[in-house]
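Each protein sequence line maps, in turn, to chains A and B. Whatever position you read off the first sequence (first residue = 1), add 84 for this note's numbering. Whatever position you read off the second sequence (first residue = 1), add 88 for this note's numbering.
Be a bit skeptical, because a hint or two may be false.
As the list claims (entries may be wrong) - Distance ranges between label pairs, derived from CB positions:
1) Gly-188/B with Asp-192/A: 35 to 43 Å
2) His-252/A with Lys-358/B: 44 to 52 Å
3) Arg-155/A with Lys-358/B: 53 to 61 Å
4) Ala-291/A with Arg-147/B: 33 to 41 Å
5) Asn-178/B with Asp-180/A: 49 to 57 Å
6) Gln-263/A with Ser-96/B: 47 to 55 Å
7) Asp-192/A with Gln-424/B: 50 to 58 Å
8) Thr-180/B with Gly-287/A: 34 to 42 Å
9) Ala-347/B with Asp-192/A: 31 to 39 Å
10) Asp-206/B with Thr-113/A: 51 to 59 Å
11) Ala-291/A with Asp-206/B: 25 to 33 Å
12) Cys-251/A with Asn-323/B: 45 to 53 Å
13) Gln-109/B with Cys-251/A: 20 to 28 Å
Think of the hints as simulated: they come from the structure by calculation, not from any bench. Since we're looking at a predicted model, the values are computed, not measured. Quick reminder that beta carbons are idealized off the backbone N, C-alpha and C, glycines included.
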Amino acid sequence: MRWPGLPRFITRPVLIALVVGGIGGLAFTGFLLEFDRFTSRNAFCTACHSMTYAETAYQRSTHYNSASGVRATCGDCHVSPGLLAATWDHLIGGKDLLKQWFGPDDDDPVVNALLLPEAAFAARAWFRDRDSATCKRCHTMEAIQGKRADTAAIHRDETAGKTCVDCHYNLVHRPVPDQSTFKREAWNRMIEEEFGLAPGTAGRMMADE
Amino acid sequence: MSCHLKASSGLAAQWQASAHQRAGVNCMDCHQATAADADAREHEGQVIATIVSPKDCGRCHTQEVEEQQGSVHAEAYAIIKDRVPALAQNLTGTAVQAAGCDQCHGSLVKVRGDGSLDPATWPNSGIGRVNPDGSKGSCSACHGRHLFSKAQAREPQACVRCHAGPDSPDQEIFEASKHGMLYASQRDRMNLDAAQWIAGRDYTAAPTCVTCHMGAAGKLPATHDVGLRNAWSLNSPVSQRQLLVVLEDGGKLELPASAPVPKRGAEITKADGTLGKVKSVATPERRRQAMSMVCQECHGKPFTDAFMKQFDAVVDLFNGKFAQPARAIMTGLYAQGRLTPLPFDEPIEFTYWELWHDEGARARHGAAMASPNHTWWEGMYLVGRNFYSRFLPQARAAAGDRSVELVDAQLTGDHHQWLTDPAAGNPILGTDIPEAPR
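Please build the complete structure, drawing on both the sequences and the hints.
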């Protein structure tokens, strides 16, 4: 049966498929939006104990404590803008869950601190590859004035060919040197001193992991 | 550079006005680093080091750094390293080391594992700073960065951040001396901006610290070894005439002149325990001769020699009358267990410390640099007052029943004879001269 005035190919099954597909598509989009929102929450990210170390540093940063009341969440910085990109990031991010289960014991504060530099290098590369897209969610280059007279001028004149993260790193989490000057031995010594471990312990722990 | 004309623009502006800028020496010529350097860090795409060490400056200023390495300035941290904890940790607290001691003597700069410089050791421009690259010293202790003005370094003000205060009041001494008086009143004739600055030729108005301790004078070349012309050690418990031993590796060593003079080529143990080969030895006479050559650009030789005699006599007096007996008394009290070995847990230890370290040093520096006030009221008067009215009573109290043997037995010779005639009156106190009891 067909309704008068509709093209011939709109048959009942087609109509049903369109309605079901439409509703299903909307539902799926809604699901993805909710999924991304849910998985971008701080509470979700820090549900793993290993992430609470990153959280502690974050809570001391300006990105958490800004005078204006704007607070960036984990996802604001670490999940790409756009539904598809965000979904993709979360899918790829699933490997972190596998690492949490099967990888080094990141819940141990010493192991966590020892492995932090590689995590920082990976995160910086991620920002760089995306031209600091998540920074630009909130920060608009043309609008950067700063508190000092020179801040606006530097952003206007000195940033050609650079992306935010080229200059702005070590803002939120524990400071880690740039990869070009990073020294594993010195980092290990610092962590050993911090946790009161005998020299050489860090190297052995990393070999074990 | 274009960033730093906006951010921290003061340093960029100073550099723009500098001789470095005119010579084409830019930021990276001094701040360059390789990734392997302990304190290397990434900065705007470049690998740099914040600290510009003497090794960095020495890439161009080779001779100056060779002279500076091994000098008392370069070794200012190493010389007191073992002694500092008694004051900076026991007596006060470690916070004072970073903000106090180390700001003059220099810090042992620590680079943390995250590449940052430990704030307990940095910022620091102390003159004996031990840098992450292993070199010793800080050129910017005297040469204000980033202008690096010759005139600024020639000013007495270049030295006063450290050479002031109770133990080495060289600023106050200089200002109170005829030299300082002439400098202050004739500063416009000092030719401080001259490319070359040879005393007696490029300027004659007055000497500054640099003139006598470092500067070129007549045929005497300039040196960045600031202690080179010092015949005496003036900051020690007992002053010694001192030998300067120059080693083949560029190191230097101060030895008391009473020690046998090491032969050229002989192996000798350095302050840090390693061995060095003797290259040359400067005797105190030779060092005095160098200093006198500066004097003689303006003064006659007999005048200079007689001045040095007056100075030496004050040092000998301090040594013989106060420093040697006081040290012998302290040694005896420690040896007999009348004092604990821990410094500063007994009042007499402060008295003894200040006797040589503060007023004793002031008296000796005052005589060396011709300030009568510091030689006497700020110096030897206080040495005498504290020796007789504080140190000896405290020492006798500590010695108890053995005070004759441990204390009074050290007060031999003519120096303390005056105490044996208590009836000898004098109007000094402004009272009627009391009659001696019959």
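Taking the hints in turn, this is what the structure says about them:
no. : hint                                 : verdict
1   : Gly-188/B with Asp-192/A: 35 to 43 Å : holds (40 Å)
2   : His-252/A with Lys-358/B: 44 to 52 Å : holds (47 Å)
3   : Arg-155/A with Lys-358/B: 53 to 61 Å : holds (58 Å)
4   : Ala-291/A with Arg-147/B: 33 to 41 Å : holds (40 Å)
5   : Asn-178/B with Asp-180/A: 49 to 57 Å : holds (50 Å)
6   : Gln-263/A with Ser-96/B: 47 to 55 Å  : violated (26 Å)
7   : Asp-192/A with Gln-424/B: 50 to 58 Å : holds (57 Å)
8   : Thr-180/B with Gly-287/A: 34 to 42 Å : holds (38 Å)
9   : Ala-347/B with Asp-192/A: 31 to 39 Å : violated (58 Å)
10  : Asp-206/B with Thr-113/A: 51 to 59 Å : holds (53 Å)
11  : Ala-291/A with Asp-206/B: 25 to 33 Å : holds (28 Å)
12  : Cys-251/A with Asn-323/B: 45 to 53 Å : holds (48 Å)
13  : Gln-109/B with Cys-251/A: 20 to 28 Å : holds (25 Å)
In terms of the numbered hints stated before, the structure departs from hints 6, 9, listed from lowest to highest.
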